[in-house]
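What follows is each chain in one-letter form.
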Amino acid sequence: MLFNSIEFVIFFIVVTTLYFLLEHKYRWFLLLAASCYFYMAFVPVYILILGFTIVIDYYAGIIIEQSTGKKRKSWLIVSLFANIGVLAVFKYYNFLNDNLSFLLSRAGRENPIPYLKILLPIGLSFHTFQAMSYTIEVYRGNQKAERNFGIYALYVMFYPQLVAGPIERPQNLLFQFYKKHSFDIDRIFNGLKLMLWGFFKKLVVADRLATYVNAAYNYPENHSGLTLIVATIFFAFQIYCDFSGYSDIAIGAARVMGFDLMKNFNRPYFSSTVSEFWKRWHISLSTWFKDYLYISLGGNRVSVPRIYINLFIVFLVSGLWHGANWTYVIWGGLNGLYLVAAIMRDKLLAKYKLEIPGAQTWAGKSFSILFTFLLICFSWIFFRAANVDVAFQIIRKMAKLEGPLYTTYPTMFFCLLSMVMLLVVEVKQEYFNGAFSFMNNRSPVVRYSTYLFLLLMILLMGVFDGGQFIYFQF
Amino acid sequence: MEKMDIIKFIKRTLLFFLAVFLLDFTAGHAMRYFYFKQNSGSLYRTTFALDSTKAEVLVIGSSRASRHYNPEVMQEKMGMSVYNAGQKGNHIFYHYGILKAVLTRYKPKVVVLDLLYDEFKPEQDSYDRISTLLPYYDSHPELMELIQLRGPYETIKLRSRLYPYNSLILPVINGNLGLDKKREPEIKGFLPLDAVMADSVKKNSARVEYPLDSMKLKTYEKIISTCKEAGISLFIVFSPAYLDDIISNYSVTIGREMAVKNNVPFFDFAESAPFMNDYKLYSDNVHLNSKGAAIFSRQVADSILNHLKNPR
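Each protein sequence line maps, in turn, to chains A and B. Residue numbers for the first sequence follow this note's numbering, so the first one is 1 and each next one is one higher. Residue numbers for the second sequence follow this note's numbering, so the first one is 1 and each next one is one higher.
Everything labelled a hint here was simulated from the structure, so no lab data went into it. Cβ atoms here follow ideal geometry from the backbone N, Cα and C, with glycine treated the same way. Just so you know, not all the hints are guaranteed correct.
Among the chain A residues that face chain B by a calculated CB cut under 10 angstroms, a handful are [what the hints assert, rightly or not]:
| # | residue |
| --- | --- |
| 1 | Ile6 |
| 2 | Phe189 |
| 3 | Phe414 |
| 4 | Leu460 |
| 5 | Gly462 |
| 6 | Phe464 |
Computed far set for chain A versus chain B, every beta-carbon distance over 10 angstroms [as the list claims (entries may be wrong)]:
| # | residue |
| --- | --- |
| 7 | Val86 |
| 8 | Leu100 |
| 9 | Ser105 |
| 10 | Ile118 |
| 11 | Arg140 |
| 12 | Ile188 |
| 13 | Ser296 |
| 14 | Leu311 |
| 15 | Met344 |
| 16 | Leu401 |
| 17 | Tyr448 |
Given these sequences and hints, build the entire structure.
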């Protein structure tokens, strides 16, 4: 079930109403049933995969807590193996087989291993990572094992964040299922406002930009370098609004019922370094990798060259997490390189007590933001291109800058208008947060006019045939 | 406290929905007014095709139809009035919609359906594009059957007065100000292209079979049966395209077979002279320019006339 569908609107109203009508002790059951229904709206049979990992992780958690020594570790490995195993089969098997076929064909041999004809279960990487965070935290002693199977299942399946995050930690979410959430009107309106803004970002900005981006990226051979540059910048905003829009709807929907989910985006394109970008972009995944992979590899307690290697590994894995394609690996690798290069530069500057002239001025900061944005945009080329060859074809075309700009006037007009509206709000939030607020204005006239304006924009300019969220495929 | 909150919530929500209803009603009616006040542009051409044309020969199809069939050239050859109702980006559902709506007003003598390559390929976009017909859902109830193909909730969505005009604000402004007329001259629905293709490289058209969209095939059959029942001479045409191996396009092959089976004349210009090798007759690989369109219109008019005089 897509958030941007009538089905979801009906589902949300029914589930939320029932949630508040039910007694507290039955609410978790309602949410679990609703989450199962939500998930089964995609491919019903895939709930069995989810069920399989839930059962393993539930028992693994209890056994880890009750055991000592090697047994604890063994059960952690069982849990991780089950989760990574599911990912390996459904997400990476055909990719690995593809690469094996390529290598064998180089040696003039045929690959005898058959391909699997399976669809990737929706949001698989999200819920397996959320499940893994549970057993790791129980193993580390930061979280008590959950004894109520239904509550644990709900932790993995909680519908607002089931298929595209935010990837929650057990310490933040599990206890909330036990808390009685009262009907708090301010919190409900707060959640609904966030959902409205999320819908605006998805329907008005992301899906509108997608019409231009898809036209250029699906047929790059037909488009000029200039068009591909514009399409790449548009894609940067498209993927941001698509994914952060989803997160806003998820966080908002959960907030209406009284749950606090973690913040996933913090205006990432205002970052002045790549390192800052990764603290503001897909925060729940970045912190997951930091907490469970980077620290496990030694974190900052190892030698400097080892830190560089670890960072690079984390970003390569992050790339692979996004998809079984070399384009994602290169995307991750590029970001890893950016980060390593930035750390090396900072260390050199510190060593020789140097400063970049004008770095702290308004112009210097603006340049840093623009430069970071361009670096990120360059990496998005690999993220969006169909394959590595196409990505390089696009880069070659961009370098030549030949040919006219592809414009279909309504598309371009709507794209630019939606981006301007987004930027106005984000600039205001980033630099003038205490200043005049539309959505939270004290005057109900201003507040309600803003909601109506956003709704009008969605009805007038939203793309209602836009379809899936990009991050569902991960 | 909680009870008070619930009452407050219900009051505020009701008030908000009332405001939404008023906004939707007002803005929707304003959009409707300006939509039907247009006197030029692509949206206006749909309105004209549905509500005004009385041409004896009606051309239906996608952008290839609107760029390829010059009504003046055809009229001169055939001695019958011609209107080109081709609409860019649209597919078989739209063409059938035009035919259905036109038949509620009058009966053309001849209908020319320009078949698009890969027309029967399953693509969501073909269904999304039925949105072109949304503004007519209340004035043309015969279109509802097609509109509902967009999805199961279309009737609910159409409760909103603004929904049919989603994404149309800019084209509606243009259509009212006549900006399109200056940029893109129109001759009875025909939109000539002046540009000449830059090089003679033929693009590959993949010779692949794909699962066919049963709904599109059904709609194609409906066009054939509707014309038969109404006693209209239907001609299905595959107009020229500067693509390699286009003659074996799977959809065109299927379309040809179905036409033959139903005794409907099918004119295939895929490999006809002079279009096969003269790139200067094209504006791009799939659209003829005005020079190419003039030659093609004469040829297609000749073929239709010959067939009308000597039906086989």
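Structure-based check of all given hints:
{"no.": "1", "hint": "Ile6", "result": "holds (4 angstroms)"}
{"no.": "2", "hint": "Phe189", "result": "holds (8 angstroms)"}
{"no.": "3", "hint": "Phe414", "result": "holds (7 angstroms)"}
{"no.": "4", "hint": "Leu460", "result": "holds (6 angstroms)"}
{"no.": "5", "hint": "Gly462", "result": "holds (7 angstroms)"}
{"no.": "6", "hint": "Phe464", "result": "holds (6 angstroms)"}
{"no.": "7", "hint": "Val86", "result": "holds (29 angstroms)"}
{"no.": "8", "hint": "Leu100", "result": "holds (26 angstroms)"}
{"no.": "9", "hint": "Ser105", "result": "holds (23 angstroms)"}
{"no.": "10", "hint": "Ile118", "result": "holds (19 angstroms)"}
{"no.": "11", "hint": "Arg140", "result": "holds (39 angstroms)"}
{"no.": "12", "hint": "Ile188", "result": "violated (6 angstroms)"}
{"no.": "13", "hint": "Ser296", "result": "holds (43 angstroms)"}
{"no.": "14", "hint": "Leu311", "result": "holds (41 angstroms)"}
{"no.": "15", "hint": "Met344", "result": "holds (47 angstroms)"}
{"no.": "16", "hint": "Leu401", "result": "holds (18 angstroms)"}
{"no.": "17", "hint": "Tyr448", "result": "violated (7 angstroms)"}
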